[in-house]
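So you can see what is in the structure, the chains are spelled out below.
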Amino acid sequence: MLRLIVVRLLAAVPVLFVVSLISFGLTLLVPGDIAAEMAGPSANRAEVEQIRTQLGLNQPPLERMLHWYGGLLQGDLGRSILLNQSVGSAILERLPVTLSLAGIALLLATLVGVPLGLLAAAKAHKWQDQTAMGGALLGLSLPDFWLGLLLIWVLAVKLQWLPSGGWIPFSEDPVGWLRSIAMPAGVLALNQMGPLARMTRSAALEVANSDFIRTARAKGLAEPRVFARHVLTAAAVPILTVAGISFGIALGGALVIEQVFSLPGVGRLVIGAVLRRDWPVIQGGLLLTAFVFVAVNLIVDLLYLWVDPRLRESR
Amino acid sequence: MKVPALLKRRSFAIGLALVGTVAFCAVFADLLAPFDPVKNNFRYRLGEPNEAHWLGTDRFGRDVLSRILYGARVSLRIGLMVVVASGVIGGLVGLAAGWWPKVDGWLMRIMDGLMAFPGILLAIALAVTLGPSEMTAVVALTVAYSPRTARVMRGAVLVARAQDYVEAARAVGVRTGRILRKHILPATMAPLMVQQTYIFAVAILAEAVLSFVGVGPPPPRPSLGAIIADGRDTMIEAPWIALSPGVAIAMIVLGLNLLGDGLRDALDPRMRNTVR
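Respectively, the protein sequence lines represent chains C and X.
The working numbering puts the first residue of the first sequence at 1, with every later residue one more than the last.
The working numbering puts the first residue of the second sequence at 316, with every later residue one more than the last.
Chain C on its own, in the form it takes in the complex (with noise of 0.2 angstroms):
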């Protein structure tokens, strides 16, 4: 057990790099001057060499490089020049939003997805089957922002059921929070779903017709126990790696979201500095994201060691 969590964090290892490698990469490829370009078509020359020393361009891309691998080992992912703050500090403090709309979003897909993928295996090719699995695809052929969009227009222009963006933190006041995050969580919750319930659907079916299933049947188990326990038991891996994806994307989702909502998380943080083009931000946004993309991921590769002991065995 031990040897294959020692070799899965292993494997992270040289994707970490290409990622890291990529999000500095990144800066070599400006076509133009970035510090003329940070520091706007109004400052004087000694703005811009300035802004150049800050961020170290002055010298050559190998050292530059090495120095920022060299923050990096020690946490430090360098300064925004427009917060005038340590870029981890700021992405760190806003975190917690992003996780939280990603994370609520994709447990609100799996509650919803799963039944509903159960649901059309276990009427498979009958009307429940292709209602549920039109829902799913439509879900997920729905541009997530244009959504936000749409029920802020419903929800919050015309109804004035919830706020139409905002932020109130869980601390502060528990139901606000609820009714802040209602819409955005319910977006990309839309969007997780369907590939959820397509993919749980088709597991479910593989293994409906196993022998195991129908002695399940054969001994008497009602239908939906059966699916509840030993249908979802043993489609739970393909699952699992499918709500790895999701939140990966439900990641992407929540920081284009952000804009739509207003809320004060990374995606604002980092899709802020694109615009306003502070490189050390976007630098540590896409590495910090991807960082916990990887995270997640080995998560889910040691719940399958969980859900399924045989693969506790054959690794």
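Hints may contain errors.
In silico DSS-like links for lysine-lysine, alpha-carbon gap of 25 angstroms or less [what the hints assert, rightly or not]:
#, chain 1, residue 1, chain 2, residue 2
1, C, Lys219, C, Lys123
2, X, Lys417, X, Lys497
3, X, Lys323, C, Lys123
4, C, Lys126, X, Lys323
Derived CB-CB ranges, DEER-like [as the list claims (entries may be wrong)]:
#, chain 1, residue 1, chain 2, residue 2, range
5, X, Glu552, C, Asp308, 51 to 61 angstroms
6, C, Lys123, X, Glu482, 37 to 47 angstroms
7, C, Leu66, X, Gly420, 17 to 27 angstroms
8, C, Val154, X, Pro416, 53 to 63 angstroms
9, C, Leu302, X, Glu552, 45 to 55 angstroms
Honestly, the hints are just simulated from the structure, not real lab data.
These numbers were taken from a predicted model, which means no experiment stands behind them.
The beta carbon of each residue, even a glycine, is placed where N, CA and C say it ideally should be.
Take the given structure of chain C and dock chain X to it, following the hints.
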């Protein structure tokens, strides 16, 4: 699989109808658009939908329907270019990784690294790095989504490679290039086509996001996402500007996903259970 047999599959037929409708409107936008999509008309600012302007006008008095028709053209063009570029690049990477075990590890680590970023964030970062333009959007989305194609292609090559006829060809000394061309590539076309149909859908959605956050192709030729972004500020007075382009996007994306499902089921029944 012949086309008439494909059309009997309901999902394929509905998908084709949806995509076909939007594609037709986009291709013939010059003939179909009732107004010039970029011509301002300040007398009809934020006009409600009426007989002349079916989907109303925006804050410059431009006809929203005409803008959507031309916007669909931009979105589809970018999506199509991403499909071709990621098909070629991802296809070649997957082919190399699947055929030569020596490069497999390296190539797939790079692909894993690229896929560790949320695709949309990587695309946004690349788009701003290279400077917003239509070509940039294509490059950014291709880099972000080619790894998916590479992964599917690699899997298909590994399957084909293990077939007896490939082994036989190698045994009698057929050159590698010829084996790849004659035996491996044809066997990978079905999964590749299905994957690229889904990539088309993803690319359309992602391009809309690029334009929405402001790093897409610059005006005056807006994609569907840019029209939504444009209408966002006037959501309360004129919701039709931001809401109607989304319907067009949803039609294309839903249609492409249905096409992909239909193709997948028709081309290879064994692929019915593969993850997207």
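Hint check:
1. Lys219/C to Lys123/C: holds (21 angstroms)
2. Lys417/X to Lys497/X: holds (22 angstroms)
3. Lys323/X to Lys123/C: holds (22 angstroms)
4. Lys126/C to Lys323/X: holds (18 angstroms)
5. Glu552/X to Asp308/C: 51 to 61 angstroms: Holds: the Cβ-Cβ distance is about 55 angstroms, inside 51 to 61 angstroms.
6. Lys123/C to Glu482/X: 37 to 47 angstroms: holds (44 angstroms)
7. Leu66/C to Gly420/X: 17 to 27 angstroms: Between Leu66/C and Gly420/X, where Cβ atoms are some 26 angstroms apart, the hint holds.
8. Val154/C to Pro416/X: 53 to 63 angstroms: holds (55 angstroms)
9. Leu302/C to Glu552/X: 45 to 55 angstroms: holds (52 angstroms)
This entry satisfies every hint, going by the numbered hints stated previously.
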